[in-house]
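J.: Work the whole structure out from these sequences, hints included.
There are 2 protein chains.
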Amino acid sequence: MPISNFIFDIRETKFVLKEWIDMDKLLSCPAYKNYYGVDDIEPIIDTAFKITRDVIAPMSKESDRIGAQFIDGKVITPDSFKKAFAVINEAGLGAQNADREAEGRLPYTIARSYEEMFLGVNLGFATFSGIPAGAISVIQEHGSEFLKQKFLPKMITGEWGGTMNLTEASAGSDVGANATKALTTETPGIYKIKGNKIFITVGDHDLQENIIHLVLARTEGAKSGVAGLSLFIVPKYWVNDDGSMGDWNDVTCIGIEEKMGIHSSPTASLAYGENDRCLGYLIGDPPDASGMGKGIEQMFTMMNEERLGTGLMGLAASSQAFFQAREYAKQRVQGNKLTDPKGPKVRIIEHEDIRRMLMLQKSCTEAIRALIVKTLYYLDLSHDSEDPEEKDFAAGMFQISNPMCKAYATDMAWSLICDAIQVHGGYGVCSEYEVESLARDIKVTSIWEGTNYIQSLDLVGRKFTMNKGKVFKNWINDIAAFMSGNKETITFKDEMKILSGAFEDFLAIMQQLQKYIQGGQMQMMPLFSTRILHAASTLYCARLILDQGLVADKKLTDLGEDHFDANFYKGKIASAQFYIKNVLPQVTMIRNLIEIGDATAVKIEEACLG
Amino acid sequence: MPISNFIFDIRETKFVLKEWIDMDKLLSCPAYKNYYGVDDIEPIIDTAFKITRDVIAPMSKESDRIGAQFIDGKVITPDSFKKAFAVINEAGLGAQNADREAEGRLPYTIARSYEEMFLGVNLGFATFSGIPAGAISVIQEHGSEFLKQKFLPKMITGEWGGTMNLTEASAGSDVGANATKALTTETPGIYKIKGNKIFITVGDHDLQENIIHLVLARTEGAKSGVAGLSLFIVPKYWVNDDGSMGDWNDVTCIGIEEKMGIHSSPTASLAYGENDRCLGYLIGDPPDASGMGKGIEQMFTMMNEERLGTGLMGLAASSQAFFQAREYAKQRVQGNKLTDPKGPKVRIIEHEDIRRMLMLQKSCTEAIRALIVKTLYYLDLSHDSEDPEEKDFAAGMFQISNPMCKAYATDMAWSLICDAIQVHGGYGVCSEYEVESLARDIKVTSIWEGTNYIQSLDLVGRKFTMNKGKVFKNWINDIAAFMSGNKETITFKDEMKILSGAFEDFLAIMQQLQKYIQGGQMQMMPLFSTRILHAASTLYCARLILDQGLVADKKLTDLGEDHFDANFYKGKIASAQFYIKNVLPQVTMIRNLIEIGDATAVKIEEACLG
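As given, the protein sequences belong to chains A and B, one line each in that order.
66 is the number of the first residue of the first sequence in our numbering; add one for each residue after it.
66 is the number of the first residue of the second sequence in our numbering; add one for each residue after it.
Hints should not be assumed to be uniformly reliable.
No copy is singled out in the list; a pair is fine if it fits within one copy or between any two copies.
[Said to hold, decoys possible] Derived SDA-like pairs (lysine to any residue); straight-line CA-CA distance at most 25 Å: (1) Lys580 / Ile255; (2) Lys646 / Ile582; (3) Lys259 / Gln399; (4) Lys562 / Val667; (5) Lys257 / Met548; (6) Lys668 / Phe629; (7) Lys395 / Asp239; (8) Lys147 / Arg118; (9) Lys126 / Val140; (10) Lys646 / Glu569; (11) Lys257 / Gly320; (12) Lys646 / Ala573; (13) Lys147 / Ile72; (14) Lys259 / Val291.
Hint data in this document are derived by calculation from the structure and do not stem from the laboratory.
T.: Here's what the structure looks like:
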């Protein structure tokens with residue numbers, strides 16, 4: 066078996082899940098209380114660590130160099146993939162966890178936390194189980210009993226794959242421009258599908274014997290735009306009534322994209338019904354008399370989770386890059402300390418700017434992990450809590466945090482991995498090390514599952530105003546309550562003051578936006594939404610990492626400086642301090658920018674752009 | 066000939082060279098006055114444009130896909146390279162321009178301005194003429210007549226290549242750790258060379274019949290560290306006294322790196338003297354009695370220019386990415402305008418965030434081009450001016466601006482190209498388009514020629530204090546004089562106010578740094594030097610682009626709105642406004658950060674970093 070350079074801070078993940086998040090509360094929900102206690106978390110994380118180290122990580126170079134190939138009309142994956150895929154499924158770490166109805170299933174908060182390891186070492190390979198998981202959720206939530214029984218069992222075991230088909234050549238971000246058609250047949254519920262999809266992740270491959278495509282298409286007479294779309298299950302091979310696989314269902318893979326990264330994840334162009342005999346099952350009801358379909362709403366079940374999953378990818382790559390950079394900096398001897406030019410040669414971790422870059426990576430990845438795990442936690446509570454009020458509150462907090470997870474984590478990944486490359490010096494761009502491929506792999510994540518601009522519009526235009534602003538108010542109150550509940554801290558006295566200033570700055574940003582809108586300057590919202598999303602995410606991350614810092618501070622006080630875990634807690638305190646004092650002040654700058662309120666970008670005539 | 070997607074804003078380059086920079090002054094220097102007038106610039110730029118479009122750009126995909134290959138101990142370049150290399154040299158656009166003594170040579174300000182095109186479309190290929198140009202400079206400035214006559218003629222015609230050899234496995238940023246040895250022979254001036262070099266750009270290849278390596282090595286008895294190094298000319302094939310090529314000189318290419326980008330530029334590991342028969346010519350005198358060599362000083366002739374050239378690479382890739390993104394945004398129809406949801410589908414250039422990203426790219430690339438061209442201009446004046454005072458002033462301004470060019474342009478490239486990819490949506494990560502390869506190609510530039518951290522130490526630790534702070538004072542006075550000389554502007558009234566505030570903020574940054582140093586907190590300098598370099602670069606770029614804006618504003622007033630060039634000038638005004646109001650406020654944030662003065666990164670114990 067190839068050697069793996071896999072490094073991961075298991076201690077940090079355990080801190081987040083066992084010492085920070087109120088896991089007792091989540092695990093006391095009916096879905097979990099007879100199955101898991103907090104003590105079960107550690108062995109699960111440890112198992113995932115070993116599988117990542119021994120099975121998934123060693124394939125990374127092959128994934129990148131050979132990747133998925135399109136040969137004679139078929140997508141071929143490396144041989145190692147087939148074996149690894151089997152190992153993961155046998156260990157119960159594959160699509161099984163997407164089964165929200167299974168007894169003894171893990172909450173997302175735990176399952177996705179260990180998934181960070183898979184994604185960080187082999188993002189391309191991880192899409193083979195990640196994307197089908199989303200398809201399972203959709204069928205489970207919206208499919209009839211007939212459809213569930215027909216497709217889910219083999220999808221859950223990983224024998225069959227799954228995809229999501231939204232994009233067409235002229236319908237990318239504009240999903241409503243979808244031109245794929247669904248024509249009625251003699252059998253109710255079964256439609257003839259005709260159209261071409263592009264950019265379909267794991268859209269065709271040889272890892273699984275069948276692939277269950279979820280396809281957005283428009284029935285005859287349905288409305289134009291997104292509202293008229295319906296969702297169809299279109300298997301690659303037809304599934305007979307006895308569960309056996311039947312004929313090929315006229316789904317042709319035209320080719321796969323040559324991409325910057327995730328080379329092992331085939332990005333397929335699929336032609337549905339080239340021979341006029343592609344059939345699909347409608348999920349749910351056909352469009353009503355007014356032509357309104359249910360497709361986009363159903364697809365959003367998947368998209369919401371995939372968006373959070375995409376944020377997790379950003380975190381996974383950033384944190385893996387950080388661990389690699391830290392390890393490199395500890396080993397690599399180069400130069401003298403600036404403050405001791407005649408002294409001995411030192412490892413580069415002793416150089417000031419290397420430390421700045423490492424602390425930036427440490428604090429930002431921990432802050433983003435706090436954001437994502439908290440959001441997963443709210444997602445779980447919104448499903449599993451018995452208290453309707455808590456469910457409702459958690460659903461709102463999930464809704465508002467989700468676009469931040471997706472966009473902030475993936476935008477930050479590009480710049481954090483840049484710093485990890487920089488720490489490696491010239492080796493940073495050499496394929497011998499891991500960091501350069503992490504940058505290549507992660508770039509697509511700011512684009513797919515709704516571009517980060519779409520996320521910012523979702524946050525500022527929709528989430529901030531949903532339920533008459535109640536969700537926004539809950540979110541703001543959460544930060545305010547955190548501040549007023551922790552006024553007494555001595556360790557973080559300065560940080561609390563900076564947080565409080567940033568909070569005021571954020572409120573000023575929102576007031577300024579309001580002013581523009583009331584003054585009829587509607588375009589100021591989309592012009593500033595990306596920056597507002599960054600301000601909101603930074604503020605919320607600051608609140609969350611400071612919360613972790615407070616927990617660590619208390620533990621350190623309780624256990625004492627001599628305890629074997631003291632260094633870990635000191636590191637957590639340092640992360641909180643660094644983030645607040647070096648990253649959070651961006652909120653003040655964004656306030657400054659929106660108050661300056663430059664509209665040059667929208668006012669300039671196109672001809673003047675060159 | 067393959068089709069090329071090459072796009073370039075020739076109008077902008079002509080504005081910079083003909084309407085903004087005081088080219089009359091430069092071209093009236095003795096080196097140019099009998100050869101060129103301002104009117105000669107246009108045809109030169111046009112020729113370079115056509116060669117880029119028709120010869121260099123069409124090879125980009127092959128450069129990236131096939132690149133340089135290491136086969137049977139030899140570095141093989143694609144066939145198209147050989148033809149293109151010949152075309153460029155025949156057109157006089159190759160290494161010839163590095164000949165600072167040639168009659169009728171072009172000033173760097175012009176030659177490097179058109180080189181931006183070559184670098185932007187094919188950075189890997191451009192290194193084959195760029196690196197030898199630096200080697201030519203060194204031999205020209207420091208070599209004896211004998212050495213100049215032996216090597217320069219064929220290097221200048223491009224028949225022979227050149228390299229710079231600093232890096233060894235244990236001597237990267239720490240050049241002083243160099244272990245390559247130079248042993249005396251019976252012939253004075255000729256040494257036996259023994260050692261291994263890595264990361265040698267275009268270190269071996271089949272494009273040129275001979276490669277003239279410049280190699281840093283240590284003679285017997287020389288001091289340790291950088292001070293003891295000498296510089297040697299080590300040809301791949303020995304050159305006989307009659308100028309013919311002799312025996313192979315025992316320089317072995319061990320292999321080339323597999324890299325993230327610039328695949329066509331071989332990054333070689335070279336073994337000198339594996340068979341104990343590698344000879345080199347010492348440049349200049351051997352180390353004196355105290356063991357001090359002249360090598361590093363000689364190499365800096367090359368490095369200073371290569372640093373500026375590296376900044377130009379950052380600009381070239383960012384601007385090429387911008388042109389591609391703008392073109393894509395003008396063509397791609399997707400979605401409705403947010404402010405007109407029921408209206409027609411629009412091209413994405415009508416979406417607010419796309420415009421924000423395009424204006425950010427436009428204004429930043431123009432600001433960085435202003436910085437680089439101004440620095441080239443000072444470099445030329447420092448060589449060519451007849452007025453000793455002007456020469457001295459220009460030399461100082463070049464010295465202080467050079468690390469900003471190198472670090473700011475290459476750091477910004479990573480984030481600007483990110484936005485260009487984002488504008489392309491999913492196609493941004495597909496190899497079918499150009500932008501993803503620009504990101505891969507450019508990453509190394511923040512590392513080579515002295516990492517950007519080294520640049521920041523050079524700026525803050527050396528350039529800001531050189532000549533007892535006189536250079537810094539000149540630079541500050543230049544900005545202050547610009548502000549006081551343009552108080553009356555109406556078009557840029559707000560911008561002048563913001564610039565003035567940023568100027569105060571920058572002075573406060575320097576005062577705060579002073580306070581830390583006086584208080585014994587020496588580590589605050591290296592801890593904040595990267596951020597100070599960014600603040601200084603942003604401030605200076607703002608001053609320069611605003612200067613361009615003022616020129617454009619005057620032209621627009623003179624020519625009137627109906628003039629065919631009015632849109633170009635309006636675009637220039639918009640760039641200045643956008644940069645000042647959206648980018649410059651970072652200086653205020655950096656002031657905030659240094660005043661908070663968090664030292665967590667240097668104080669944290671290593672064990673707490675995890």
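J.: Now tell me if each hint is right for this structure.
T.: Consistency of the hints with the structure:
In this assembly of identical chains, the alpha carbons of Lys580 and Ile255 never lie at most 25 Å apart, being 52 Å within a copy and 76 Å across copies at closest. In this assembly of identical chains, the alpha carbons of Lys646 and Ile582 lie at most 25 Å apart only when taken from different copies (20 Å versus 32 Å within one copy). Only between protomers do Lys259 and Gln399 lie at most 25 Å apart by alpha-carbon distance; the minimum there is 22 Å, versus 61 Å within a single protomer. Proximity of Lys562 and Val667 under a CA criterion of 25 Å is satisfied inter-copy only: 23 Å between copies versus 36 Å inside one chain copy.
In this homomeric assembly, Lys257 and Met548 never come within 25 Å of each other (Cα to Cα): the closest approach is 58 Å inside a single copy and 70 Å across copies. Taking the shortest Cα distances, Lys668 and Phe629 sit within 25 Å of each other only across copies (20 Å), while inside one copy they are farther apart (60 Å). For a Cα distance limit of 25 Å, the shortest separation of Lys395 from Asp239 across copies, 16 Å, qualifies, whereas the shortest one inside one copy, 47 Å, does not. Only within a single protomer do Lys147 and Arg118 lie at most 25 Å apart by alpha-carbon distance; the minimum there is 17 Å, versus 45 Å between protomers.
Proximity of Lys126 and Val140 under a CA criterion of 25 Å is satisfied in both settings, with 19 Å inside one chain copy and 23 Å between copies. For the identical chains of this complex, Lys646 and Glu569 are neighbours both inside a copy (16 Å) and across copies (22 Å), given an alpha-carbon limit of 25 Å. Within a single copy, Lys257 and Gly320 get their C-alpha atoms as close as 23 Å, which meets the 25 Å cut-off; across copies the closest is 57 Å, which misses it. Taking the shortest alpha-carbon separations for Lys646 and Ala573, both the intra-copy value of 20 Å and the inter-copy value of 18 Å come in at or below 25 Å.
Within a single copy, Lys147 and Ile72 get their C-alpha atoms as close as 24 Å, which meets the 25 Å cut-off; across copies the closest is 44 Å, which misses it. For the homomeric pair Lys259 and Val291, the shortest alpha-carbon distance inside one copy (18 Å) is at most 25 Å, but the shortest distance between copies (70 Å) is not.
In this structure, the hints that do not hold are numbers 1 and 5, in rising order.
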